[in-house]
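Peer 1: Line by line, the protein sequences are chains A and B. Per this note's numbering, the first sequence starts with residue 1, numbered consecutively. Per this note's numbering, the second sequence starts with residue 1, numbered consecutively.
A partial selection of chain A residues facing chain B, derived with a Cβ cut-off under 10 Å:
#1 249
#2 264
#3 398
#4 400
As a list, the in silico DMTMM-like pairs of lysine to aspartate or glutamate whose alpha-carbon atoms are at most 20 Å apart:
#5 A:261 to B:160
#6 A:422 to B:86
#7 A:423 to B:85
#8 A:315 to A:36
#9 A:380 to A:217
#10 A:423 to B:86
#11 A:422 to B:85
#12 A:231 to A:212
#13 A:408 to B:168
#14 A:423 to B:64
#15 A:312 to B:71
#16 A:426 to B:64
#17 A:312 to B:66
#18 A:422 to B:64
#19 A:422 to B:87
#20 A:338 to A:351
#21 A:426 to B:71
#22 A:367 to A:357
#23 A:408 to B:171
#24 A:52 to A:331
#25 A:221 to A:136
#26 A:423 to B:87
#27 A:426 to B:86
#28 A:408 to B:87
#29 A:426 to B:85
#30 A:426 to B:78
#31 A:264 to B:160
#32 A:426 to B:66
#33 A:426 to B:87
#34 A:422 to B:78
Just so you know, the hints here were simulated from the structure itself, not pulled from any lab data. No experiment lies behind these values; they were computed from the predicted model shown. For glycine and all other residues, C-beta sits at the position ideal for the given N, C-alpha and C.
What follows is each chain in one-letter form.
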Amino acid sequence: MRHRWISVLICAAVSAAATTACGTGGASQTADGNTELTIATFNEFGYEELFKEYEAAHPDVKITQRKTGQGQPHHQNLFTKLGAGSGLADIEGVEEGYLSQVMSKASQFNDLKEIGPKIEDGRWLDWKTQAMTTKDGKLIGYGTDIGPLAMCYRKDLFAQAGLPSDPEGVKALFATWDSYFAAGDQFVAKVPGVAWFDSAAQVYNAMHNQLETGYYDKSDKLVVDTNSDIKSNWTAVTGAVAKGQSARLGAFSNEWNTGFKLGKFATKTCPSWMLGVVETQAGPENKDKWAVTDAFPNGGGNWGGSYLSVPKQSKNAKKAAELAAWLTAPEQQIKAFKAKGTFPSQTKALEAPELLEQTNAYFGGVKAGELFATQAKKIKAAQYKGPADGQIQETVFSPALQSVEQGKNADEAWTTAVEGAKKAAK
Amino acid sequence: MTATLSKVDRGRAQEARPRPPRRYRLSNLDTKVSPYLFVAPFFVLFGAIGLFPLLYTAYVSLFDWEVGADEPLFIGLENYRTLFEDDQFWNALFNTFSIFLLSSAPQIVVAVLIAALLNANLRARTGWRMGVLLPYVASLVALTIIFGNLFGPQYGLVNDVLGIIGIDPIDWQASTFGSHVAIASMVNWRWTGYNALIILAAMQAIPRDVYEAALVDGASALRQFFSITLPMLKPTLIFVIITTTIGGLQIFTEPKLFEPSGGSGGGTEHQYQTVVLYLYQSAFQGLDLGYASAIAWVLFMIVIAVAALNFFITRRAVR
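Construct the entire structure; sequences and hints are all you get.
Peer 2: Below, the structure written as structure tokens:
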């Protein structure tokens, strides 16, 4: 605390505002006349081998990767340097959670339809491309991976509650949100001390993203208090909380991890990448207790996944777009899937045998690749995201739902959330 | 100056005076300029990383300046007006002062007591003295995460212990006072020993003969402590209190990492969001640099005011 946070923050703010930021500036030509392309990624995109392959096929291109461990610092850096006007890589990874912030600055990214190579129609799932297309039809990112949602559940606890527990039998419970919450009532009545889901925000976010219209309408008007679907989702989730269906464990907190270990909740909204998280947190002692089924209330949904974009700052935008287009082709994306398990967003990749045959031993040898490919095709359309959409979801609605779990009156929390959304949208 | 003097004809044409030899000029320059060069590093550094950011922040605070916006819009003092009407800011200010009082006040009292104990004749004195510094050596982040676990609302150790002695579990995340106590305990854990050592050093600088005189006059140990030790510690106490004030009002890491989801809201309803945390949230989540700069400047003023207040109170109280 005594580390003069203020001045550190101010320095950060200043360097963000001044034109000469701390970055190295756009890459250009190397001494021997080759083109140097930089690509900034976070977590694991699984591209390391692909870069070598591309360099071998294009001797005039040298690729440098700037890798950040986590998504949050990567995107903070992205927005700061967008503001500074320089310092970004030629290709920048963008995660789905930051989509609305990136879309509101779409003018600072290249239209890949304009500068990129010709790409076959229908390379990506429609909703994936739709989400990164601006209102005037510019495509500012090529889709890499996705996180289609399925439902994970505890077989043993379901059996204990007298519910069906085989992957086919449970599908009826996960048909709609009504049937899901009804099954939850039945579950908590039978199994004391165990909740139905981990936290209200996790369920609510999945419900919310299925809506046709979210917090904003297509003219960027905030409709949080007039869109009745939002309120009815809110009422459904907070109603379930009141009946003890929530374990009240915020996602990714330490207590959430403990909740997995102790088996404190019976279902979890599960994007493809969540299987690994469940395995790590629940641990070997809970092996074969968790199962996953290709059903999700009200169809499907998506949580996570990324894009590759080319900022206007890039001095080699055309060549960068070529590389990005190559990396996001189905053949390459399947290799990335095999390297790091990133679930591809390309329609052809979803039919590749390597993907369809992938199994998960922790979840009883389920054919996970095929299961999530089925789920990915159930998603109908991408919801339009307004400028402060991500912020409203993360800093307003999720905490407000948590406050209900902490005992706050649901109506009061709703008022707080609506006010908070208006403030965030200002 | 020379302009007021009339020209005197010295029988020579008005030709340019020969310039002094090069070496002479250099040494002249040396005596005039080099002292400034010697002190320059401090001023250059201070200007670059202290003064300039300070002034530039004041400048930025006059704009509606969003990260990545094309054209920042000059809005004068509008950010400050919004700030003074912003409930979340006042809430953050309340939290900051509450955590500050819960941490600083007990901390300094305990630090003085520990210092007095360490000043006594103890076996393995150096060992004890080093021991109180251990929490300070530990990494702040690691410490905060461990405390976050201890104060976990559902599976935390503190609630388990409270349960054994028959106290209902406290939701350290949901309750305002509870979360402040949890955060203050992290601060106290880390800083009490550090302050105790500073005070101990000052105690040892108090001349022995004063105590001897008091002993001869028949003063008890308690009387000696209040009439000699405390007054003689005054300058050190002022220093400790002012640094604690500055640190306490800028508290950031503890509340930031206390949030289980890793957000910057400081609890579901900002129960423990401090001013710096709000500043951080405005700048790096809201991406509103102008507003964040206004918060920074108001906080700067508050820190100065509180430090000055403490200075005067301490000067009067400890005589």
